[in-house]
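Colleague: What follows is the residue order along each chain.
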Amino acid sequence: MRDTWWKTVLGPLAAAGLLLAVAAPAVGPAGQAAAASTGGTIVDGLYEEPGNLNPILGPDMTYSQIVDTAIFRNLFMITPNGTMEPDLASVVPSVQNGGISKNGLSYTFHLKQNADWSNGQPVTCQDIYETWKVVTNPSVLAVTRLGWDDVTNVKTISPKVCEVDLKAPFPAILIDDFSGNLPGIIPYSVFNGMTAQQINTASFNHDPTVTDGPYMFQSWVPGASITVVANPHWYGPTPKEGTIVFKVIPDENSLLANAQAHQINTYYFAPIEQVQQLKAIPGAHVFFTPMAAWESADINFRNPALQDRNVRVALEMAIDRQAILKKIWLGYGVLSAADQPPIIWANNPKLKPYSYDPAESKILLNKAGWKMGSDGYRHKNGKTLQLVYATTAGNPWREATERLVQYWFQQIGVKMVIHDYPANVYFGTVLPSGKGWDLGEFEWTEGYDPAASEEQLYETNAAQNFGKYSNPQVDKLLKEQDTMLNQSARQAVLRQEQAILHQDLPALWYYTPDEIDAAINLTGYQPDPWYVETWNCYDWQLTQ
Amino acid sequence: MAARPQIEPAPPSALANPRFESYAHLVWRRFLHHRVAVVAAIVLLLIMLAAVLAPWVTPYPLGQPDLSAILAPPSIHHPMGTDDLGIDLFTEVLFGGRVSLTIGIFAALVAVVVGGAIGSISGYFGGLVDALLMRVTDVGLSVPLLFVVLLLSLLIGPTPVSIITIIGLTSWMYPARIVRSQFLTLKKRDFVEAARAVGMHNTRIILREIFPNAMAPLIVNATLLVGQAIILESVMSFLGAGLTPPNISWGYLLNQAQSFTTSAPWLAIFPGLMIFFVVLAVNLVGDGLRDALDPTSNQRQ
Amino acid sequence: MGIFIVRRLGQAIPVIFLISLLLFFMMHAMPGGPLAMYVHQPGITKAMLEQIRIDYGLNQGIWTQYVDWLGKALQGNFGYSYVYAQPAATMMLQRLPATLELMFSSFLITFVFAFLAGVYSAVRQYSFGDYAITVVSYFGFSMPTFWLGLMVLILFAVHLHWFPAGGMSTAGAAFSIGDRLWHLTLPMLVLAFYTLASESRYVRSSMLDVIHQDYIRTARAKGASERRVIWRHALRNAMLPVVTVMVMDAAYLFGGALITETIFSWPGMGRLFIQAILQSDYPVLMAIVSFLSVVIVLANILADVLYGILDPRIQYN
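Chains as they are written, first to last, in the numbering used here: chain G, 1 to 544; chain X, 1 to 301; chain P, 1 to 317.
The hints are simulated quantities; they were obtained by calculation from the structure and are not laboratory data. Here a beta-carbon is modelled for each residue, glycine too, at the ideal position from N, C-alpha and C.
Estimated spans, in silico, between C-beta atoms of each pair:
(1) G:Lys326 with P:His159: 27 to 37 Å
(2) X:Pro55 with G:His379: 16 to 26 Å
(3) P:Arg180 with G:Asp482: 49 to 59 Å
(4) G:Trp345 with P:Arg180: 48 to 58 Å
(5) G:His379 with X:Leu49: 31 to 41 Å
(6) P:Leu22 with G:His285: 48 to 58 Å
(7) G:Ser355 with X:Leu49: 45 to 55 Å
(8) G:Pro282 with P:Leu22: 53 to 63 Å
(9) G:Glu48 with P:Phe104: 27 to 37 Å
(10) P:Gly61 with X:Leu49: 55 to 65 Å
Derived pair list, reagent style EDC-like, types lysine to aspartate or glutamate, alpha-carbon separation capped at 20 Å:
(11) G:Lys362 with G:Asp375
(12) P:Lys46 with G:Asp149
(13) P:Lys46 with G:Glu459
(14) X:Lys188 with P:Asp311
(15) G:Lys326 with G:Asp357
(16) P:Lys46 with G:Asp150
(17) G:Lys327 with X:Asp66
(18) P:Lys46 with G:Asp60
(19) G:Lys326 with X:Asp66
(20) G:Lys133 with P:Asp55
Construct all of the structure, not just a fragment, from the sequences and the given hints.
Modeller: Here it is in structure tokens:
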């Protein structure tokens with residue numbers, strides 16, 4: 001009697017549990033138990049959910065760009081081999097074909113005759129005009145005004161022919177404003193007459209009903225997925241699959257699991273730690289694409305110790321960057337001599353990365369007056385050579401780099417304290433304030449003209465010159481190339497600038513990692529270092 | 001050990017026993033009867049000892065990378081395997097134990113002491129005091145844990161002491177409400193009335209009469225808090241508010257293991273197992289302690 | 001009891017105000033700020049950042065900002081998210097059904113099994129079953145949730161293909177209850193297991209406290225069946241700390257099932273919350289915190305009412 005009470009209760013419960021376990025797979029949609037057959041629906045795994053789908057509204061999120069590019073197009077686009085091709089436009093303007101005036105102040109754009117919005121109306125100069133008005137409105141939270149700020153007028157010569165006038169030559173304007181999204185081109189029919197407040201909070205930002213890309217927006221389940229379907233008004237090649245579902249999977253382990261379960265077809269920006277496992281998935285193709293980006297550790301020149309070049313060189317040579325690239329990045333990347341990586345035309349091929357030579361580091365530190373103490377660290381005038389190393393939290397390869405650097409610095413007598421921060425805090429407060437860090441590691445991505453990066457990072461008092469680096473020679477060179485229209489002339493000047501940066505070490509130059517993407521059961525997928533992966537989503541086709 | 005039949009259960013007013021020294025001895029002897037609790041206590045002490053002696057016990061110096069042995073599975077050279085820099089995991093687990101055990105135990109203590117005090121006063125006195133303290137508790141519960149932890153850590157900086165304080169001061173609400181619920185019912189019992197009738201001071205009543213009976217769920221809570229504190233530190237690490245090398249902890253190791261959950265499972269398993277053993281051991285010891293203090297409980301002979 | 005509830009609701013109002021005030025100030029004290037996502041912008045200037053600041057209303061004094069927010073919040077207007085440019089209240093309400101779905105289902109399982117496991121463990125103290133349940137409970141509790149959830153995901157979704165690898169429903173398919181249940185199963189079980197592990201300990205401990213009391217022996221001596229003794233007499237008196245913990249756990253689940261939501265790509269409030277914290281999305285943060293504080297306050301009132309029901313000796317004066 002005493003023992004039976006739990007048997008009578010647990011018995012049926014166990015049976016119920018068993019029933020559930022058996023029935024559960026049957027409860028799901030038929031045929032879902034095996035590898036997901038998407039039948040016309042491509043599933044993309046997004047690590048982050050886009051904030052909004054307006055091609056000109058901030059914040060600047062890569063994942064917003066990815067979805068935007070499936071539904072919005074710009075005048076031009078840059079293909080994987082680096083050439084600019086017309087997209088909404090019918091021809092790329094240049095000085096030779098008269099599209100750009102000789103003084104660089106006037107651009108003439110010819111739009112494709114069959115370029116239409118998804119509501120059937122043609123894409124015209126009015127859309128470019130509207131974009132200009134909205135982007136330059138100070139109360140609109142535009143992602144950037146770079147370039148658009150210089151526009152003085154957008155003239156309609158005919159509905160499909162526009163003239164854009166600048167107040168000063170800006171050779172990068174085609175890349176910065178007229179290729180890709182964020183910023184992109186918005187429909188006049190939707191935004192005409194709206195106030196800034198209305199634009200910032202428009203329902204269009206979450207329900208983009210009027211688009212001009214290969215796909216058009218269908219629905220957005222908040223936090224879960226965005227669905228787009230083939231756009232019949234698209235002028236380009238008909239999309240091979242009818243639907244793309246962008247699924248939000250905010251965890252890298254889950255993304256991997258989904259890839260392994262064949263429930264997603266693309267995996268953007270896969271982390272290096274998962275490469276072996278991704279390669280092992282049947283039907284998966286892993287792409288390694290050189291990036292227009294670089295990883296480096298900014299030097300904080302407010303620290304007097306770091307103002308001595310000998311110290312900076314010593315630090316650079318104490319870090320075995322080649323080993324980091326080989327062991328942590330499995331060789332998928334390239335060492336940096338200065339900032340611009342080899343795929344960018346401003347890169348100076350004559351510069352060689354600093355070698356790994358801790359013995360030389362010790363000599364240089366001694367020369368700089370930092371003598372080894374009994375505690376294993378160097379001292380000068382009573383101070384210990386201690387540096388605070390900061391970067392964003394949550395990146396396993398940055399954490400690996402930090403620990404290695406800490407160890408290597410210890411070998412040459414430099415004490416290193418690690419202090420990581422959430423990205424928002426790091427970029428919003430820590431770096432700009434200049435306090436609480438001596439070396440700040442981060443990655444800078446260049447989707448646009450290299451000069452803009454240089455000016456933002458290394459010009460005196462520039463907006464992202466967090467370390468307060470200043471070299472008047474660099475400033476002079478950057479100003480010089482600003483107004484040059486001839487790319488080879490600019491290249492010569494920028495290469496000179498690169499040589500100075502290599503010498504000066506305003507940051508410890510590390511490496512440029514490859515971008516890692518995986519396509520599973522999908523052909524036609526091709527990463528583009530100058531654009532985002534959805535640039536040719538109309539070519540994507542499912543295989544089984 | 002048969003108890004005398006009574007209408008209402010008489011809790012042990014044992015702590016009021018003037019011959020306190022021999023009572024402690026009594027408790028100790030009763031505890032020793034509890035074989036499982038004794039084993040658990042020994043295991044716990046061993047783990048603590050290993051952690052304390054880490055610099056002498058570990059085969060490798062802390063934080064020494066070995067890029068030729070990256071992500072090596074457990075072997076003779078590396079009994080717990082290595083991480084993504086070839087650093088020996090066993091070494092890190094032992095050193096990490098010092099930090100995590102300290103954080104876990106002290107944070108739990110702070111939470112339980114603060115919460116226990118608030119809960120007892122609140123439950124015993126009732127009325128305005130109760131209302132006030134419980135409203136403060138409401139505020140404490142509503143303030144999102146991760147948010148407070150992140151904010152405080154960013155403002156104060158992550159050192160073991162600050163983390164103990166932060167975790168402790170954000171975890172007292174559960175013990176407070178648990179203890180209060182016990183006090184609400186216990187203070188109505190006859191033995192409390194009797195104690196008052198004898199003229200016992202409120203403090204004595206709270207500490208010596210009621211509290212020993214309210215302790216059981218508190219012990220459970222304290223045990224769970226030890227584990228929770230260690231894991232919370234791991235979440236702090238992930239956000240960038242935790243300890244950084246060379247001050248590693250099990251929480252740091254767990255955070256690191258996330259990226260290698262399937263490619264190098266030992267990185268998550270061993271720290272996880274250590275937390276498991278510690279939490280289990282603390283619980284079994286707590287169980288034994290509770291039984292040793294309460295003579296009417298069913299004891300295994 | 002009715003007066004008690006009214007009084008408590010009256011006390012709740014200043015508490016909720018105080019919480020909103022506290023959170024508002026803490027939110028602004030957090031380094032980072034919503035402008036951080038604009039700092040990286042190409043061509044950004046200090047003037048432009050200042051303009052964004054003005055657009056967000058962040059250039060005013062903090063008390064002005066709070067009073068402004070409060071005034072609007074009382075009318076149900078929680079402002080627009082800095083990241084999504086959507087009404088913060090709407091965003092939160094959009095995530096609520098997913099959270100409720102996960103919460104209720106897992107809580108149901110937890111409730112039932114915590115009692116079964118806890119009672120069994122207490123009745124059969126020191127038996128093999130008791131130790132087995134103890135070990136499994138602590139194992140479930142100690143192994144980090146991300147590990148357990150991931151292992152479950154990999155085993156059942158990747159290797160066995162019994163369940164989908166996350167998400168609320170099948171991408172692109174029409175709505176079906178079966179589909180939703182199928183997607184709910186894994187995250188629900190993982191969440192339930194974790195909460196179950198801790199709650200069964202409280203049940204066990206409370207039962208142990210009570211089960212050896214003399215009035216239990218009296219009941220048995222009077223001839224009551226074992227089942228009646230355990231479930232009717234013992235359990236009722238053991239419930240108080242259990243009720244405390246269960247009510248707080250349930251309230252906590254609203255914003256706290258973060259890791260489960262992340263691993264199983266479940267679009268709930270937990271994820272929205274942590275995102276808002278990390279991105280300093282003030283309007284969404286305040287909306288969620290306001291909601292959570294109301295939930296917590298009501299939950300604790302509920303717990304106190306339940307105490308009164310379970311133990312009639314308890315009075316609130």
